[in-house]
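K.L.:
These are the residues of each chain, in order.
Number of protein chains: 2
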Amino acid sequence: MRPTVNDIAREAGVSLATVDRVLNARPGVREKTIRAVNDAIARIGYVRDVAAANLARQRVYRFVFALPDAGSQFLLALRAAIDEAAQGMISERSEVRIVTYPLRDPHVLVEAFAGRNLDGAAIMAPETPEVRDLILRLKEKGVAVATLVSDQPHAARDHFVGIDNLAAGRTAGVLMGRFLGGRPGKVAVVVSSILARDMVDRRLGFDAVLAERFPELEPLASIEGHDDAEQTARVLRACLAENGPVAGVYVAAAGTRGVTATLEAMGLAGRVTVIAHDLTPHTRLALESGAIDAVIAQDVGHLARSALRVLRARVDGRDILPAQERIRIEIMLRENLPPVADSGPSP
Amino acid sequence: MRPTVNDIAREAGVSLATVDRVLNARPGVREKTIRAVNDAIARIGYVRDVAAANLARQRVYRFVFALPDAGSQFLLALRAAIDEAAQGMISERSEVRIVTYPLRDPHVLVEAFAGRNLDGAAIMAPETPEVRDLILRLKEKGVAVATLVSDQPHAARDHFVGIDNLAAGRTAGVLMGRFLGGRPGKVAVVVSSILARDMVDRRLGFDAVLAERFPELEPLASIEGHDDAEQTARVLRACLAENGPVAGVYVAAAGTRGVTATLEAMGLAGRVTVIAHDLTPHTRLALESGAIDAVIAQDVGHLARSALRVLRARVDGRDILPAQERIRIEIMLRENLPPVADSGPSP
DNA sequence: ATGAAAGCGCTAACAC
DNA sequence: GTGTTAGCGCTTTCAT
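If you read the protein sequences in the order shown, they are chains A and B. Position one of the first sequence corresponds to residue 1 (the numbering used here), numbered consecutively onward. Position one of the second sequence corresponds to residue 1 (the numbering used here), numbered consecutively onward.
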């Protein structure tokens with residue numbers, strides 16, 4: 001039988017309440033007593049039963065995810081994944097809400113947090129001063145904060161939940177270089193905005209690999225598609241008009257449809273190597289048809305669950321398992337597409 | 001506040017004990033009462049608090065992992081991952097043991113299970129009749145069974161925890177084809193044994209892609225390295241002597257060291273495209289030095305945690321989240337190697 | 001066939 | 001500072 005608080009109490013010659021105070025680092029216990037209790041704990045090899053503690057605490061964890069209100073397929077999938085993960089957490093007394101804010105106007109985001117009392121927040125937002133302040137104020141109120149998908153390294157967040165975008169960009173770079181097999185040429189790079197942190201990182205990684213290993217490829221200046229297919233198509237057309245033919249296109253942003261449509265219209269489909277991000281219904285189809293050569297993906301389910309685990313751990317003052325929270329950079333090719341996710345319960 | 005058993009009792013006009021009997025499908029309750037309770041449950045939207053139930057039950061889950069006693073780096077890493085995952089489960093009242101058995105002699109495995117009373121088993125073993133019988137007998141005793149790494153589709157296992165090896169082989173095939181960039185040639189394929197299920201699947205997937213998309217490549221007959229570097233080196237040398245130069249080597253098995261050493265010795269290092277499996281200290285180094293071009297990896301931590309989650313869910317009669325349990329096929333290139341895992345607690 | 005009451009391991013008032 | 005005691009939501013004797 002595993003030792004319990006009662007065993008500690010007996011072993012240390014104190015009462016249950018005192019043991020509890022020591023266990024939870026609550027004030028009002030003499031140094032000497034604390035030591036006695038800790039000794040007892042070590043001696044009998046006590047391990048806390050978290051489930052029982054939470055039961056007694058009647059603790060309810062309140063978490064919120066803040067996401068842009070854009071309608072990209074990636075965000076839709078992410079929202080669905082968060083809902084699913086939240087469902088699985090109700091048995092662990094956590095309630096999860098999603099708030100959305102207009103991307104152009106992050107101060108709405110700030111308002112959304114006003115006056116709520118919550119335990120943790122996962123925030124996907126641009127790296128603006130308002131957002132940084134918001135995170136700081138949340139932390140001051142004792143709220144656990146994780147940044148999601150796009151990091152804010154200069155903000156006071158506890159943790160970043162997302163892929164290493166520098167490594168993702170590097171990966172895109174190798175695939176581009178190797179798939180082109182030594183053929184020289186220019187490569188267009190589409191980002192959502194040159195101000196977005198994740199885009200900057202991807203671009204940096206991409207360029208670094210091209211410079212190191214594929215000097216025959218010349219990356220062009222970033223073009224901004226603002227995660228929108230129309231916009232992306234427009235800037236890509238302009239880019240091609242200005243620079244002439246390209247050997248490849250690296251779509252670091254959403255709005256990949258704008259790229260495939262443009263290439264198709266210009267009769268270049270299948271003749272230009274395209275590397276895109278995130279597995280969505282569209283990129284999956286494009287991969288299957290050969291319009292895209294590779295997709296760098298991050299698992300939205302993993303993002304959602306990892307964010308919740310990390311916030312929970314932070315609130316409980318527990319350590320996380322770093323390996324479990326490392327969001328993997330997945331490389332999807334036509335040949336290793338996973339079967340379409342079925343959203344129903346397992347049979 | 002979430003409704004509790006007390007609410008059900010009040011709502012249905014019965015006692016706690018009766019509610020419990022209905023909830024756990026225990027005998028000794030009239031049809032009519034059962035219906036009344038179930039109605040109440042539906043009406044107030046009751047969701048069982050599993051943690052509280054387990055606390056009251058004083059339930060302890062006993063799980064065992066059965067692994068071959070071979071000393072491959074992959075198995076070492078897997079064992080370490082299981083230990084780590086087990087550590088995280090002790091607070092959830094699960095105890096985990098690892099038993100090893102000599103690969104040549106699986107009946108030792110069968111003996112290892114005799115007389116133990118346990119709740120779940122994760123088994124990594126060859127697809128032999130003894131093992132199939134073992135799984136059947138375990139199931140008959142009410143033990144949850146998952147196959148690990150290599151499936152046993154014809155056995156009575158509840159679940160397979162591992163990558164889709166057919167898809168992994170396909171992935172290896174595309175990488176080989178694309179990395180060779182249209183250059184024609186022969187490709188050697190190393191398996192551990194032509195009888196191992198995972199090897200058969202990888203080989204099938206690999207060949208399928210080569211036939212479909214890279215007809216310029218000619219896969220040679222499988223050579224058996226028995227997951228051993230020496231053995232692998234020997235058979236590879238024989239294969240090269242017989243077939244002449246190859247453009248690539250697909251190492252579907254462990255023992256990759258035998259391949260890199262052989263190529264090195266023959267002055268072919270870097271001139272032959274090598275695709276291997278599993279990220280180990282050796283494959284990592286080989287990737288960094290360029291001796292290997294790509295590694296198809298499966299996350300051992302994910303394998304361990306997934307196996308435990310799946311077995312737990314099965315024992316509790318809960319559904320799993322299929323997306324969470326899908327073990328990803330990771331493609332590791334020199335450029336996207338994750339930082340070396342540090343095994344200490346997070347800072 | 002049903003109910004009352006005593007725990008499971010831990011926390012939190014409230015005493016002393 | 002420390003101890004007593006009454007729960008948290010659920011299960012489990014033991015009565016009835």
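Mixed in with the good hints there might be a few duds.
Stretch-level coverage of chain A by chain B, calculated; a stretch enters the list once three of its residues show a Cβ under 8 Å from a Cβ in chain B [said to hold, decoys possible]:
hint	segment
1	39-49
2	176-185
3	215-221
4	317-327
To be clear about the criterion: a stretch of chain B counts as covered by chain A if any three or more of its residues have a C-beta under 8 Å from a C-beta of chain A, and this derived list gives those stretches [claimed, not checked]:
hint	segment
5	34-40
6	46-55
7	85-97
8	166-173
9	176-182
10	240-253
These aren't lab readings, by the way, just hints derived from the structure by calculation. Beta carbons: idealized from backbone N, C-alpha and C, even for Gly.
K.L.:
Next, verify each hint and record whether it holds.
P.N.:
Results for each hint:
Coverage of a stretch by a chain is defined here by at least three residues with a beta carbon nearer than 8 Å to that chain's beta carbons; for the segment 39-49 of chain A and chain B the count is 3, and the condition holds. Here the segment 176-185 of chain A counts 4 residues with a CB under 8 Å from a CB of chain B, which clears the bar of 3, and the coverage holds. For the segment 215-221 of chain A, the assignment as covered by chain B is violated, since 0 residues bring a beta-carbon within under 8 Å of that chain's beta-carbons and 3 are needed. For the segment 317-327 of chain A, the stated coverage by chain B is satisfied: 7 residues place a CB nearer than 8 Å to a CB of that chain, which reaches the threshold of 3.
Judged by the Cβ-Cβ criterion of 8 Å, the segment 34-40 of chain B is not covered by chain A as claimed, because only 0 of its residues qualify and three are needed. Counting residues of the segment 46-55 of chain B whose beta carbon lies closer than 8 Å to any beta carbon of chain A gives 8, which reaches the threshold of three, so the coverage claim holds. Counting residues of the segment 85-97 of chain B whose beta carbon lies closer than 8 Å to any beta carbon of chain A gives 5, which meets the minimum of three for the stated coverage. Taking a C-beta to C-beta cut-off of 8 Å, the segment 166-173 of chain B contributes 5 residues in contact with chain A, enough for the three needed, and the coverage statement holds.
Counting residues of the segment 176-182 of chain B whose beta carbon lies closer than 8 Å to any beta carbon of chain A gives 4, which meets the minimum of three for the stated coverage. For the segment 240-253 of chain B, the stated coverage by chain A is not satisfied: 0 residues place a CB nearer than 8 Å to a CB of that chain, which falls below the threshold of 3.
In summary, the structure is inconsistent with hints 3, 5 and 10 from the numbered list given earlier, while agreeing with the others.
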